[in-house]
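Asker: Below, each chain spelled out in residue letters.
Number of protein chains: 2
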Amino acid sequence: MSEQMQRIVLASRPDGAPTADNFRLESASIPQPADGEVLVRVHYMSLDPYMRGRMDDAKSYAAPVPVGGTMEAGAVGEVIASNSPAFKPGEYAFGMFGWATHGCLKANLLRKVDPAQLPITTSLGVLGMPGFTGWFGLTEFGRPKAGETLVVAAATGPVGSMVGQVAKSLGLRAVGIAGGGDKCKLAVETFGFDACLDHRAYATAGDLREALAAECPRGIDVYYENVGGKVLAAVMPLMNPHARIPICGMISWYNAGGLGAGAADADITAPAIWRNILVKFLSVNGFIISNHFDRFPQFMTQVAPKVASGEIAYVEDIAEGLENAPAAFMSMLKGGNMGKQIVKVI
Amino acid sequence: MSEQMQRIVLASRPDGAPTADNFRLESASIPQPADGEVLVRVHYMSLDPYMRGRMDDAKSYAAPVPVGGTMEAGAVGEVIASNSPAFKPGEYAFGMFGWATHGCLKANLLRKVDPAQLPITTSLGVLGMPGFTGWFGLTEFGRPKAGETLVVAAATGPVGSMVGQVAKSLGLRAVGIAGGGDKCKLAVETFGFDACLDHRAYATAGDLREALAAECPRGIDVYYENVGGKVLAAVMPLMNPHARIPICGMISWYNAGGLGAGAADADITAPAIWRNILVKFLSVNGFIISNHFDRFPQFMTQVAPKVASGEIAYVEDIAEGLENAPAAFMSMLKGGNMGKQIVKVI
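These protein sequences, in sequence, are chains A and B. Quick note on numbering: our numbering labels position 37 of the first sequence as 37, and the sequence is numbered without any gaps. Take any residue in the second sequence, note its place counting from 1, add 1000, and you have its number in our numbering.
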């Protein structure tokens, strides 16, 4: 009998927020690397909000995970067998191995990770897809200028904390929004935000808007959008003329029936969004980071040394054991994590 | 007793669609030009949808017309007195003279118009603010590429017809939307659209979407937005990845309570708009043409010769008499005009 691995598959599609029933832990044979392939024993895997979208079968930028298929995830681990000259056993690699203890992929789909430089977990967060998403979206579509004001929600997450730190380094005022007093403290003390508002402390979008207005006395020039919903409704009236809104996600609407398709929201209407874009000359750009990997080397060149030096901080929240990934994921969607959510698989 | 002029003032703010009560014809003394000023006898004035916005006191990119103030308009006429070396009596000038028979403005706020080149009415439409709006928004924010598909509503209006003709000249497929079979015929036969759909023939956004899908077999790459509402709802699901939406107006929402602020629309929701921008990587840009007058000389250089040669067509709908301006304006907001709406004042 061949050696066994574990993986978590999509047992059923969620109706609203995912539940434990939607996931199933399975055993399978460890695959052997075919020509050009590399087998990796996963040490850490990433949990990210985009995975919620993959659980629906709504048309999106990426194909949904099929029912019975392994949940998608980026992960990092040690090469234990290689059929490619590009990787040797004992080296470390990042790849889309999924929610699993092992993964086997073509060498050209992997990125080498050097554990002597930085902890390998950084390849999942601050120097991985989320950090890159924050850096790219802000610099490319946010067009930040010194003296301007930026707002970003989920300010202690791996995207928001990168956005805030890059904005500060460019001379902007950075105002975060986060869920809970602990996160707001972390945003200001560790990530250097000028202020951070606890959205849970404001019952309505109007209340949140009032508090934001006090923290953004010169209005808002860049709203880095990753949540939608109440925060968007609060921010919109405060946007300055010619402000920019990069959109990398809208987590508050992910559970509202197929990624928010057709779901109404009492806080803001379609005409109000459209009118704000028009009368304030806003520039609104949606993007998915996987279309922009040609910029990843530039990101690493600019940002990795600052992470190594401590100039850019990061915080990780590490759950133990693949079997606990569903619980950690469901908790993260409700904001239960503090910093980048990772699962230690080995 | 001094010589008298006529003007139309905002008698009261409209509640929804404007009515005749909202306007009042008044007499006043003809002003004398102060130092640097020029007095013009207006021959033609322009009626444009943006004027509906000026009648509300909602915060917008431009100050509202005060109750009792002269309605705003661009107009063109003959200089009858000048206190500036820049203009001589007998010359023609375009300026923001308002809904009035005469206007007196600083010379630096006027644009000279040469009646020997083209009819002076073209300074109000095809070679005026609307034509410039169409050309600028399409080329700047639409980023059109040969082989792509463009959709624009109000296709026979001065903005939409410019957008369609510029798109065609750049090698795009141009699909118009207009209200009524006559306009659709005009769009195809005079303005060269590949197809034009009568939005009145489709009861729902879904029906319109189905018809649009048939005319846009490769999807939509540029949606030049000037209407909002049902058309926006129909177009959104057909947008291709990386498509562009310049927004210069949203006439279908103008009457919905203060430029659509806070007004709901059954056809499309805020989350659906946001989700489309995200998952299709859309680039959405609002603009007002008055921020971009530095590009007007480039527009004239490129487009005026094509208007003179007949390569770019234009159609004008000319109402007679200042006193009929309110009726012509109210009719235009309902789509009653055929081509650029102008009022002959003298």
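Hints listed in this document are in silico derivations from the structure and should not be mistaken for laboratory results. Bear in mind that the values here come from a model prediction, so they are computed numbers and not experimental data. Careful: at least some of the hints might be erroneous.
[What the hints assert, rightly or not] Each computed DMTMM-like pair below joins lysine to aspartate or glutamate, with the alpha-carbon atoms no more than 25 Å apart:
(1) Lys1280/B with Asp15/A
(2) Lys1145/B with Asp194/A
(3) Lys306/A with Asp194/A
(4) Lys280/A with Asp1267/B
(5) Lys1280/B with Glu78/A
(6) Lys112/A with Asp57/A
(7) Lys1112/B with Glu1072/B
(8) Lys280/A with Asp1294/B
(9) Lys145/A with Glu1189/B
[What the hints assert, rightly or not] Label pairs and their computed distance ranges (CB to CB):
(10) Arg295/A with Gly1219/B: 23 to 31 Å
(11) Gln298/A with Thr1204/B: 19 to 27 Å
(12) Pro1305/B with Lys112/A: 52 to 60 Å
(13) Ser1012/B with Lys145/A: 39 to 47 Å
(14) Ala1011/B with Pro14/A: 38 to 46 Å
For each residue, glycine too, the CB sits at the ideal point set by N, CA and C.
Asker: Lys1145/B and Asp194/A: Cα distance at most 25 Å?
Answerer: 43 Å, violated
Asker: Between the beta carbons of Gln298/A and Thr1204/B, is the distance compatible with 19 to 27 Å?
Answerer: With Cβ atoms ~47 Å apart, the hint is violated.
Asker: Take the C-alpha atoms of Lys1280/B and Asp15/A, compute the straight-line distance between them, and say whether it is at most 25 Å.
Answerer: 24 Å, holds
Asker: Just to be sure I understand the hint, the distance between the Cβ atoms of Ala1011/B and Pro14/A should be within 38 to 46 Å; is that true here?
Answerer: 57 Å, violated
Asker: Lys1112/B and Glu1072/B: Cα distance at most 25 Å?
Answerer: 20 Å, holds
Asker: Between the alpha carbons of Lys280/A and Asp1267/B, is the straight-line distance 25 Å or under?
Answerer: 24 Å, holds
Asker: Are Lys1280/B and Glu78/A close enough, with their CA atoms no more than 25 Å apart?
Answerer: 36 Å, violated
Asker: Does the Cβ-Cβ separation between Pro1305/B and Lys112/A fall within 52 to 60 Å?
Answerer: 58 Å, holds
Asker: Has the hinted range 23 to 31 Å been met by the Cβ atoms of Arg295/A and Gly1219/B?
Answerer: 26 Å, holds
Asker: Taking 39 to 47 Å as the stated bounds, is the beta-carbon spacing between Ser1012/B and Lys145/A within them?
Answerer: Check passed, 43 Å falls within 39 to 47 Å.
Asker: Assess, step by step, whether the Cα of Lys280/A is no farther than 25 Å from the Cα of Asp1294/B, and give holds or violated.
Answerer: 19 Å, holds
Asker: Is the Cα-Cα distance between Lys145/A and Glu1189/B 25 Å or less?
Answerer: Answer violated: Lys145/A to Glu1189/B is near 48 Å, above 25 Å.
The earlier numbered hints that this structure contradicts are 2, 5, 6, 9, 11 and 14.
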